[in-house]
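Asks: The chain contents come next:
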Amino acid sequence: MIRVVLPAHLRTLARISGEVHLEMAGPVTQRSVLDALEARYPMLRGTIRGHDGGPRRAFIRFFACEQDLSHNSPDDPLPAAVAAGAEPYLIVGAMAGG
Amino acid sequence: MSGVRVLVGTRKGAFVLTSDGTRKQWEVSGPHFAGWEIYHVKGSPADPDRLYASQSSGWSGQVIQRSDDGGATWAAAGNQFAYQGTPGTHQWYDGTPHPWEFARVWHLEPSLDDPDTVYAGVEDAGLYRSADGGQSWQELPRLRGHESGPSWQPGAGGMCLHTILLDPTRPGRMFAAISAAGAFRSDDAGQTWRPINQGLRSEGIPDPDAEVGHCVHRLAMHPSRPDVLFMQKHWDVMRSDNGGESWREVSGNLPSDFGFPIDVHAHQPDTVYVVPITSDAQHFPPEGKLRVYRSRTGGDDWEPLTKGLPQQDCYVNVLRDAMAVDSLDSCGVYFGTTGGQVYVSADSGDSWEPIVRDLPAVLSVEVQTLP
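Protein chains in written order, with the numbering used here: chain A, 1 to 98; chain B, 1001 to 1371.
No lab work stands behind these hints: they were computed from the structure.
Accuracy of the hints is not assured; some may be wrong.
Pulled a few chain B residues facing chain A out of the computed Cβ check, cut under 10 angstroms [stated by the list, open to error]:
#1 Phe1033
#2 Gly1058
#3 Asn1079
#4 Ala1082
#5 Tyr1083
From the three backbone atoms N, C-alpha and C, an ideal C-beta is built for every residue, glycine too.
Required output: the full structure, derived from the provided sequences and hints.
Replies: Right, dumping it as structure tokens:
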């Protein structure tokens, strides 16, 4: 099970409270997690990354295990603790604006 | 008794204001989509329960929301706005070529007769159409692809396609306006377009009477007389009597002919409303007095409407999509301000009252007249 934490405005859009839990088969990468997330919640398509797996939106960041994964390849394996469900994969709205 | 539903888009959410035909007591619903910018909310003329809303944020981009029950509940629709073909470039502020980049939907214009068909005007300027209730969007690319497209430059607020007018008497005729390219007309349902800017004069561009490059802020039309168009330009209030083939200035005695919205009385095609703003450098009313100006002669001769509006120390703006009229027997006029007030006049502008005073900055106001 993969644990995903969304920023508040996307939880509202997807009508989610709390963490999202995804059951996944195969490699656990940022791309595969986002694919699974968007498959379950189609209204999130285009709000985190471009449509059809396009690049991350500029003010969205990806964190896990106290690391910034935003600039990693989307096909890199996520940390083992994320793949095991011990740590969440954090989708974060960057601090910006006032 | 019939009533009205006012659809308000703000910097931080949407609000729905409802009242009966007296327009005295109001129910306020919202914020819907709290925290998001709502550039526009509009209902289908063919089905007043069908609403479309443009929701966006700097973090998460564009979302289109749809309601099938008059705004009680909403569901996200499609949000993929892809330019057709190779997008090419327009001019950037410094004159260099800049790729077309989708930023947001400024305006949603539902079809006059099909609730599932809706047009979207976007930044960078493009026109889209959905025929499935907003689930999928296809560009009408010949507007952006007009031969002048590579020369278009954005206005200060971005290069937005902000006005879409549908001619109720000629199927296929539609108008669009872009800041800062100008006004355009199609006579074949958006398949081809041509600029309609003859008679406009803009001192801020190298050739003041160029075919394109004018910063048109808003167009308005009365449905009974669609050949007559009114325009609030960056500076100048203009009128066309021939479907945009040519324009003449009708600013007349306005204290300033700079402004953003313009609208037409529901039952009197020659009664027109504008909100004069001091200048392009001072986006607030002249002398700190919030005045709507009304012409009953189709322009040139204007009277200030002040009863109920603040007449001192008022420094709000009224944005281009933030004025609307209802079609009750006594025509109601509505506008919203960047200070968060939404005003109503139930007597064609003679007197005004605030419906709400403290919303986030208002981006758009539309009204539905309900049976």
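Asks: Of the numbered hints stated previously, which ones are contradicted by the structure, given in increasing order?
Replies: 5
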